[in-house]
Structure formats: C-alpha cells, structure tokens
Amino acid sequence: MGDAEPLLDWLQNWYAQQCDGDWEHEWGVEIATLDNPGWSVSIDLEGTGLEGRDFPRRDIDRAPQDWVRAWTAEKTLHAACGPVNLTEALTLFRTWASRSEHQQW
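Going letter by letter, the sequence shown gives residues 1 to 105 in this note's numbering.
Please keep in mind that the hints were generated in silico from the structure rather than gathered at the bench. None of the values given here were measured: they were computed from a predicted structure. Nothing false has been slipped in among the hints.
List of simulated lysine to any residue pairs, SDA-like, C-alpha gap at most 20 angstroms: (1) LYS75 / ARG53; (2) LYS75 / GLU30; (3) LYS75 / TRP14; (4) LYS75 / ASP44; (5) LYS75 / ASP22; (6) LYS75 / HIS25; (7) LYS75 / CYS19; (8) LYS75 / GLY47; (9) LYS75 / TRP27; (10) LYS75 / GLN17; (11) LYS75 / GLU46; (12) LYS75 / GLU24; (13) LYS75 / GLU51; (14) LYS75 / ALA97; (15) LYS75 / SER98; (16) LYS75 / ALA16; (17) LYS75 / GLY49; (18) LYS75 / LEU50; (19) LYS75 / ASP20; (20) LYS75 / TYR15; (21) LYS75 / GLU26; (22) LYS75 / GLY52; (23) LYS75 / ARG99; (24) LYS75 / ALA32; (25) LYS75 / ARG57; (26) LYS75 / LEU11.
Based on the sequences and whatever the hints tell you, model everything.
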C-alpha cells in the first residue's frame, strides 16, 4: 500500500489498526480549524507502535497562508498548517509513520 494508497484511506486504516477496544476510548486523531486561518492536527501515539519515536520538528514557511509546522511532544504528533496545507501535514505524518525506526528522516 504505502504512498500509493490515498492519504485519507491510509489515515483511516492507521486509526482502525490502533482501535483495540481500549485505545480509542482514551486517544485518537483530532483535526480542527485555526482562526488565523489554518488547520490543527493532534495524533495520539501512546499505545501505538510510534510511541517513543521522535518526529524532528519541521517548520516550513513559504507564505503567510502557505506553511506547515509538525513535531512530537508528550506522546502526541502535533501539526499546524495553513488553510491549504492539511494534505501536506498529514503526508508528513504518513511518511514518518511508514518509515522503520532505523531509517533516517
């Protein structure tokens, strides 16, 4: 599957794989809008195969409404981005999550 799988399908499948009767009651994936405008993404990593892996902070600034920031903190992947960068932010998560622990980012 990998990068050939549509991004939203991949995210749905990743989420479904985490659901074990317990995980989804405490953790999950949240996508919300920001008022500057933009998007906010929080993906809980606790209890997943990604828990404890570091996502080196990314700050991509192209224009006032074309930007992405992503990082891990407190067992959560966080991303914030401009109004048309949600796909890019989620793609950063997929690329990172799909790499083995030993591959360089």
